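Peer 1: Spelled out from the first residue to the last, the chains are:
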Amino acid sequence: MNVAVAKTGNGRAVSDLFASAEGRLPGSPSVIAARREAFETYERLGLPHRRIEEWKYTDLRALVGEVLPLAAAPDAAGLKRAADAVKAHAIAGARKLVLVDGVFAPDLSDIKALASEAGFKTLRETLEKDSGLLKTAATDAVISLNAAMATDGVVLDIADGAQLSAPIQIIHIATAPSASTFTRSQIAVGKGARATIIESFVAAGAKAYQVNDAVILSVGDNADVAHIRLMDDSPDAVNVTSQFVTVGANTKLNFFNMTTGAAVSRLQGFITLAGEGSELSVNGVNLLQKTEHGDTTLVVDHAVPNCVSREVFRAVIDDRAHSVFQGRIIVRPDAQKTDGKMMIRALLLSDEAEADNKPELEIFADDVSCGHGATAGALDDSLLFYLKARGLPEKQAQALLIQAFVGEAIEQIADDDLREHVIGIAERWLERRQ
Amino acid sequence: MALLEVKDLKVRVEEREILHGLTLTVNEGEIHAIMGPNGSGKSTLSHVIAGKPGYEVTDGQILFKGEDLLEMAPNERAAKGVFLAFQYPVEIPGVATMNFLRTALNAQRKARGESEYSTPDFLKKVREVSKSLNVPQDMLKRGVNVGFSGGEKKRNEVLQMALFEPSLCILDEMDSGLDIDALRIAADGVNALHSPKRAMVVITHYQRLLNYIVPDIVHVMSKGRVVKSGGKELALELEASGYAQFEDAA
Chain D
1 MNVAVAKTGN GRAVSDLFAS AEGRLPGSPS VIAARREAFE TYERLGLPHR RIEEWKYTDL
61 RALVGEVLPL AAAPDAAGLK RAADAVKAHA IAGARKLVLV DGVFAPDLSD IKALASEAGF
121 KTLRETLEKD SGLLKTAATD AVISLNAAMA TDGVVLDIAD GAQLSAPIQI IHIATAPSAS
181 TFTRSQIAVG KGARATIIES FVAAGAKAYQ VNDAVILSVG DNADVAHIRL MDDSPDAVNV
241 TSQFVTVGAN TKLNFFNMTT GAAVSRLQGF ITLAGEGSEL SVNGVNLLQK TEHGDTTLVV
301 DHAVPNCVSR EVFRAVIDDR AHSVFQGRII VRPDAQKTDG KMMIRALLLS DEAEADNKPE
361 LEIFADDVSC GHGATAGALD DSLLFYLKAR GLPEKQAQAL LIQAFVGEAI EQIADDDLRE
421 HVIGIAERWL ERRQ
Chain X
1 MALLEVKDLK VRVEEREILH GLTLTVNEGE IHAIMGPNGS GKSTLSHVIA GKPGYEVTDG
61 QILFKGEDLL EMAPNERAAK GVFLAFQYPV EIPGVATMNF LRTALNAQRK ARGESEYSTP
121 DFLKKVREVS KSLNVPQDML KRGVNVGFSG GEKKRNEVLQ MALFEPSLCI LDEMDSGLDI
181 DALRIAADGV NALHSPKRAM VVITHYQRLL NYIVPDIVHV MSKGRVVKSG GKELALELEA
241 SGYAQFEDAA
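The listed protein sequences correspond, in order, to chains D and X. For the first sequence, position 434 (counting from the first letter as 1) is numbered 434 according to our numbering, and the numbering increases by one without interruption. For the second sequence, position 5 (counting from the first letter as 1) is numbered 5 according to our numbering, and the numbering increases by one without interruption.
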């Protein structure tokens, strides 16, 4: 394909997209100016394609083609469906913050219960005063597009020393078919605070929609944070999420992602260890079938000495699905005594399934312990036969082995109830195979 | 009554014939020993009965309680009452033994049209069985066979045998890798499970195991056939004179 033609085509689609949405985008005049600038960056770059190294395996021009028009604010019927979806996907005891088609839904959220423990605003409110939230440490075409188009999101401020008594669950619900949503949230966790943040992406009747989400998370010194993302969008949806994480000193941050939905998905995380003595655990499971494409791309930047990072990823790939994992560990010149490890394993359930694993180490310090490993293979026939010889039918034997395979990543979730919830999602995915 | 009838069985593995027309009948309640040198086809026979992939049956048949076993998937054979105790039980990391046992038992019961065990009923049953076999509860919490010693792996096989209550147990080289104490414990378990309705086929290279599990009938296999059958004294004879005499007979 001719590059110039592709660019022009994409550019025109986006121009229409932005022009028709501009009147509905929140923000002060300076925010609107920042949006226009971000949009121009996007327009110049166009959707990422395979000749851009970071997007080599996830060519959005080929996989997605064009960005759909901005979703309208949900109507009464949409909100009713969203309320049902909240019931189905809420985690027991969690304080819910619900975004429906990219717009915060106060009636479905637990703002009052949250108020005593954390500061809360919507992105919409925040942007009336300040454009700071539209800036991020890293940027690319989809991040610029998010900055240009973000309609809403949650802005959470967890004070120093706060010990949250319940998890906070941010639920993204799509009710509008064939439309795009752009959300951006910021979560600031204060020094010595303890919090569990869950993000869920689900559909309520919508099909073939597109999600572009961004999350800016900062974790203060001595804080202890569990961050769990459960992406279970409609099987024909697109989900591109960018996360920007800054970690202070002596913290514990435990991140877990599970991808069980969307035709095309990309989770890109940019994590900077900016304070010494922190422990970072980043884990994930991709469960992909049919022609699904699931990409996890992470950059873990050890900017200071004496931090530990652990990445454990598992992908289960059936039919003609395609899983991508790109993990880069950067160790800056000053970051001595860094201990960074990354292990990626892919399980291929069909001959046409594809896994691309790309681990990268960029080490500029000389006293570090870093390593990575990547494997891809099929289910072990001798284990399958053992289980079948004990009475398990083929699919059930496979399911048991798949659960065991992903278990090593899931067991990194410390909270028993949350872990069971995640295992339940994996079990439902396995039942869909049977 | 005949439980297992193997008739003129011919089996190939990758173009090479391993069993050249093997015939064997096992009746309810009997203990059979199958002995023979390495490469005589003992383990192949056990694998074909259990339904392990990779074996091509070119002739003959295997009937179990009068039904054609070769038409059934391995899990169907298990539900019908065929149990193979593996020579080398596999380790399955991440699958807790307890979960595995319950899933397997309920899968078999479901296949037979029986009600599945509830969790409390299952726990009660597994406690009873493990207590009677002196299996420590700690073993049940670990991943299937993960980090088990050779003896523990074999005890886990015997535990499954007790739990699933099969009518035919095939013990493939149960003595391999076991010291004499572990062997005795495993053999005691097997003996405790022997009943007038349950038959055992003990496959072994050495006579040693038969000091602990006393067979009714001993078969000698050589080059893919049963070349001699007799009483338990045949095993002693083999121990004294070796397999060489039978290799010529085959």
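Watch out, some of these pointers could steer you wrong.
[What the hints assert, rightly or not] Chain X stretches covered by chain D per the calculated footprint, using a threshold of three residues with CB under 8 Å from any CB of chain D:
1) 38-52
2) 60-72
3) 91-98
These aren't lab readings, by the way, just hints derived from the structure by calculation. Predicted model only: the values in this text are computed from it and were never measured. In this text, a Cβ means the ideal position worked out from N, Cα and C, and glycines have one as well.
Peer 1: Confirm or reject each hint.
Peer 2: The hints, checked one at a time:
1. Counting residues of the stretch 38-52 of chain X whose C-beta lies closer than 8 Å to any C-beta of chain D gives 3; at least three are required, and the coverage claim holds.
2. For a cut-off of 8 Å, the count of residues in the stretch 60-72 of chain X with a CB near a CB of chain D stands at 0, and the three-residue condition is violated.
3. A stretch counts as covered by a chain when three or more of its residues have a beta carbon under 8 Å from one of that chain; for the stretch 91-98 of chain X and chain D the count is 4, and the coverage holds.
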